[in-house]
Amino acid sequence: MHFELGTDGPKVIVVGIDGSDTSMRAGAYAAGLARRQRARLVVVYVTGAPAASRLVAEAAGAVEQAISESIEDMRRQVHEGALHTGVTTDFVAVRGDPYQELVRVAMELRADAVVVGASRRFGHRFVGSLAVRLVKSGRWPVTVVP
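In this note's numbering, the protein residues as written are 534 to 679.
There may be inaccurate statements among the hints.
Derived CB-CB ranges, DEER-like [unchecked claim]:
(1) Asp623 <-> Ser603: 14 to 20 Å
(2) Arg643 <-> Gly565: 18 to 24 Å
(3) Ala561 <-> Ala593: 33 to 39 Å
(4) Val596 <-> Gln633: 19 to 25 Å
(5) Ala561 <-> Glu605: 16 to 22 Å
(6) Gly629 <-> Arg571: 27 to 33 Å
(7) Asp623 <-> Val596: 23 to 29 Å
(8) Ser601 <-> Arg571: 30 to 36 Å
Honestly, the hints are just simulated from the structure, not real lab data. Note that the Cβ used here is the ideal one computed from N, Cα and C, for glycine as well.
Please model the complete structure; the sequences and the hints are all you need to start from.
Structure (structure tokens):
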């Protein structure tokens, strides 16, 4: 039997969040889509230490504490949202480049669709946002939520 992604509607939806308003709207949209499609929702929270913290050893501990707290806060929000919507949801916290990590997780899970929030950064209009890079990869249907 040949496996083909997306033929019967999405069964695994990956959504990238970073705590921004647009990413949280993307999470809500993806939860609704997962509920309607009876799909598994995988929420990927990508963090990374700011470059300046690697230069100042004393700051590293405080930065690590802040990152750990933000991960646990986001995990709690995702869990509460899953209970509210009744959607089977997995939370994955990773560190690194958002594009590379979303691609890695989506490939590992054989995702059928990826949802992200639109970038609000001015330079992304010219350089390319996470959403544009995902669309250009051509691996999944990508929904960009404003």
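Comparing the hints with the structure gives:
1. Asp623 <-> Ser603: 14 to 20 Å: holds (18 Å)
2. Arg643 <-> Gly565: 18 to 24 Å: holds (22 Å)
3. Ala561 <-> Ala593: 33 to 39 Å: The hint (33 to 39 Å, Cβ to Cβ) holds, given that Ala561 and Ala593 are roughly 34 Å apart.
4. Val596 <-> Gln633: 19 to 25 Å: Once the Cβ atoms are compared, 21 Å apart, the range 19 to 25 Å for Gln633 and Val596 holds.
5. Ala561 <-> Glu605: 16 to 22 Å: Holds, at about 20 Å.
6. Gly629 <-> Arg571: 27 to 33 Å: holds (31 Å)
7. Asp623 <-> Val596: 23 to 29 Å: Since the Cβ atoms of Asp623 and Val596 sit about 26 Å apart, the hinted range of 23 to 29 Å holds.
8. Ser601 <-> Arg571: 30 to 36 Å: holds (34 Å)
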